[in-house]
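As a plain string of letters, each chain reads:
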Amino acid sequence: MKKKFWLFSLLASLLLLTGCGRSLSDQSVLDNVKRTNTISWGVKGDVKLFGLIDVKDGQQKGFDVDMAKAITRHILGPTGKAEFTTTTSQSRVPLLKNGNVDAVIATMSITPERKKVISFSKSYFDAGQSLLVPKNSPIHSVKDLNGKTVIGVVGANSVANVKKVAPKARVIELQDYAQAMNALKSHQGDALTTDNGILFGLAVQNPGFQVRGGTFTVEPYGVAVNKGQTGFTEAVDKAVLEMQHDGEYNRLIKKWFGDVPGFKYKELYRK
Amino acid sequence: MQNWINAFSWLNVRFLFMGLWVTIYISVISVILSFILGSILGIIRYSKIKFVSEIVGFIIDIIRNVPLLLIIFFTYFGLPNFGLRPETIPAAIIAMTVFESAMIAEIVRSGIKSVDPGQMEGARSTGMSFVQALWHVVLPQAYKNMIPTIISQFVSLIKDTSLATIIVVPELMQHAQVIYGQNANYILPMFAALAVLYFIVCFTLSVIGNQIGKRLS
Amino acid sequence: MINIFSHFSNQLLVGLGWTVLSSVIALFFSLIIGTIFAIMEIAPNKTLQVVGRAYVEIFRNIPLLVITMFFYLVIPMYVVKINGFTAGTIGLTLYTSAFIAETVRSGIQSVAGGQMEGARSTGMTYWQAMRYIILPQAFKIVIPPLGNQFVNLVKNSSVLAFVAGFDLMYQANSIASTTFDTINSYLVVGVLYLIITLPLSYYMQHLEKKLA
Numbered sequence: 118m119k120k121k122f123w124l125f126s127l128l129a130s131l132l133l134l135t136g137c138g139r140s141l142s143d144q145s146v147l148d149n150v151k152r153t154n155t156i157s158w159g160v161k162g163d164v165k166l167f168g169l170i171d172v173k174d175g176q177q178k179g180f181d182v183d184m185a186k187a188i189t190r191h192i193l194g195p196t197g198k199a200e201f202t203t204t205t206s207q208s209r210v211p212l213l214k215n216g217n218v219d220a221v222i223a224t225m226s227i228t229p230e231r232k233k234v235i236s237f238s239k240s241y242f243d244a245g246q247s248l249l250v251p252k253n254s255p256i257h258s259v260k261d262l263n264g265k266t267v268i269g270v271v272g273a274n275s276v277a278n279v280k281k282v283a284p285k286a287r288v289i290e291l292q293d294y295a296q297a298m299n300a301l302k303s304h305q306g307d308a309l310t311t312d313n314g315i316l317f318g319l320a321v322q323n324p325g326f327q328v329r330g331g332t333f334t335v336e337p338y339g340v341a342v343n344k345g346q347t348g349f350t351e352a353v354d355k356a357v358l359e360m361q362h363d364g365e366y367n368r369l370i371k372k373w374f375g376d377v378p379g380f381k382y383k384e385l386y387r388k
Numbered sequence: 566m567q568n569w570i571n572a573f574s575w576l577n578v579r580f581l582f583m584g585l586w587v588t589i590y591i592s593v594i595s596v597i598l599s600f601i602l603g604s605i606l607g608i609i610r611y612s613k614i615k616f617v618s619e620i621v622g623f624i625i626d627i628i629r630n631v632p633l634l635l636i637i638f639f640t641y642f643g644l645p646n647f648g649l650r651p652e653t654i655p656a657a658i659i660a661m662t663v664f665e666s667a668m669i670a671e672i673v674r675s676g677i678k679s680v681d682p683g684q685m686e687g688a689r690s691t692g693m694s695f696v697q698a699l700w701h702v703v704l705p706q707a708y709k710n711m712i713p714t715i716i717s718q719f720v721s722l723i724k725d726t727s728l729a730t731i732i733v734v735p736e737l738m739q740h741a742q743v744i745y746g747q748n749a750n751y752i753l754p755m756f757a758a759l760a761v762l763y764f765i766v767c768f769t770l771s772v773i774g775n776q777i778g779k780r781l782s
Numbered sequence: 392m393i394n395i396f397s398h399f400s401n402q403l404l405v406g407l408g409w410t411v412l413s414s415v416i417a418l419f420f421s422l423i424i425g426t427i428f429a430i431m432e433i434a435p436n437k438t439l440q441v442v443g444r445a446y447v448e449i450f451r452n453i454p455l456l457v458i459t460m461f462f463y464l465v466i467p468m469y470v471v472k473i474n475g476f477t478a479g480t481i482g483l484t485l486y487t488s489a490f491i492a493e494t495v496r497s498g499i500q501s502v503a504g505g506q507m508e509g510a511r512s513t514g515m516t517y518w519q520a521m522r523y524i525i526l527p528q529a530f531k532i533v534i535p536p537l538g539n540q541f542v543n544l545v546k547n548s549s550v551l552a553f554v555a556g557f558d559l560m561y562q563a564n565s566i567a568s569t570t571f572d573t574i575n576s577y578l579v580v581g582v583l584y585l586i587i588t589l590p591l592s593y594y595m596q597h598l599e600k601k602l603a
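Residue numbers (the numbering used here), protein chains in the order written: chain A, 118 to 388; chain B, 566 to 782; chain C, 392 to 603.
Do not rely on the hints blindly, as some may be mistaken.
What the hints assert, rightly or not - If you want the footprint, here are the derived chain A segments under chain C, 3+ residues with CB under 8 Å:
no., segment
1, 148-159
2, 165-174
3, 208-214
Stated by the list, open to error - Computed spacing ranges between beta-carbons, pair by pair:
no., chain 1, residue 1, chain 2, residue 2, range
4, A, Lys344, C, Leu404, 29 to 37 Å
5, A, Ser254, C, Glu448, 36 to 44 Å
6, A, Val335, B, Ile765, 18 to 26 Å
Treat the hints as calculated values from the structure; they're not laboratory data. Virtual Cβ for every residue (Gly too), placed ideally from N, Cα, C.
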């Protein structure tokens, strides 16, 4: 018994000493993807309109995925390959920092906290946080959330935002948007909060629910890469700019958001 | 009723079975690997090799006493610190193998111990070495007794693969979630399907385990 | 690691509290339910046997996660609202009770036989003999395996993280995704889990040796 105690203490102290984080080597991601002619992207698999797994072929489909393919083409040329890994709000940062994926394009807002650990391209899509509630809900704006239970997703910054705007709201975090939406349907919370684009996607799938209260934050989505990979972010910025000039960007916006009721997709057009 | 018919459309059913296939794939590989690794570790622990057995035993105790979810996280998010970047399915296989090997090792160790210690001495007195006695006399008997326990451990393994949904492994649980994520009306049919499919797989294995157990004893 | 512990000690202790609470509640109810179904499985009545057997086989062969999510997402949609902590604890209870039933049943069977006949010959009914003679002895035998079930319960309670049950694992996910220090966050909760489970496991090993 005593020996085991000592072994345990030894292990615990070893962990304390070695458990400090290490960042990935300083290899240039841009050089790597050019050498392999492949960009490995982290995308969402649970978000309609942005990145949703299709039961037909198990592939992710959405605006983010199409953007990733287009950016890959712009950076690597027509033979460049885009590979996709499904990430969740929780796993996207660790996967990026660990080098499992080269870049993440997964409804990810550019925030100061995240900028401390990873780097972002310029915004490629401007979202804003909003609320999804049942049509008969008494909640009309974010102010009404005080004293109510709000559902969010682990790893999304929307949870922290709600705490700022409505400090008395109770927040529960679920694993992904499929669970969050079903929890809302099961009355586990009074509202679901995240970015309007995601919420409109959920409202399309779930009649009886609507997006309410306008947006109360600005959430510019960026392409995320490992800290300091400015070569890659610049290449992404250039690619997005080219897409805006030749109209491809607007075509993708129309393709994914053109038919969403209540969503003013033309405001998202970029020239 | 319409919900059930729509929920089990050809595409959805095919998608579910693709998930079931991944669940079985992960389970079978992990079962084989953890049976081998667990046996080796169990024998090392039993053999009382100075320091080695103790350290192995301690690591096994640690693994046995933390939630499998943590081991999955460590495999998927932690291994890259050591230069390994497994994708989701290999990560799930590694995590399951590590966890189940520790479980099997403990079963093997106590299985060997429960074979009458006189057996070992008797075999040694006929001039066999420790390894020979272990291999020819003790282990065959020990494994005969252990098989039901080991099989029920493997049933747990199959069930536990569902936890790998947290790192988006395309297994049965994850695929069911994708389907009911599209339409919340499918949620009851999907849970019914999950219960039935997991039950069929696990129960079949349990029955096989019981049959083998009966035949051996 | 120390950083995370000192910054988030409140959150972690709250998580530890919910984890222990859920495990203790689930242990209590699964002992009762498990014992009832164990007795049913070996009862002299065929129907009771079938019901007992069916219960055990169903809950032993379906993943805990499926049971828990069912109570969190499906039951509230059709029956009654239950929150994440309750749904998780119900899932844990049902799942564990099947294993406890198996443990208790084998305990009873190892005592029964001669004991039962002896007790019956003194004029006790079947149920009296079970209640006063067999069960007390059976429980003594099954204490170590039950202790191991409790260790499993503590580990399995991490499914509460899937249903926002505020347990240790839920807090770990939340801390990992605010600090972005994934590995250290999980190391901290790993140590916290071990603080509960490891001494318990060792104590049970010790008991087993003593009883053997």
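Now the hints, each set against the structure:
Chain C is given as covering the segment 148-159 of chain A, and this is violated because 0 residues of the stretch bring a CB closer than 8 Å to a CB of that chain, at least three being needed. Counting residues of the segment 165-174 of chain A whose C-beta sits closer than 8 Å to any C-beta of chain C gives 0, which falls short of three, so the coverage hint is violated. With 3 residues having a Cβ less than 8 Å from any Cβ of chain C, the segment 208-214 of chain A passes the three-residue criterion, so the hint holds. Range check, lysine 344(A) to leucine 404(C): Cβ separation about 32 Å, and the 29 to 37 Å hint holds.
A hinted range of 36 to 44 Å holds for the C-beta pair serine 254(A) and glutamate 448(C), which are about 43 Å apart. The hinted range of 18 to 26 Å is not satisfied by valine 335(A) and isoleucine 765(B), whose Cβ atoms lie roughly 50 Å apart.
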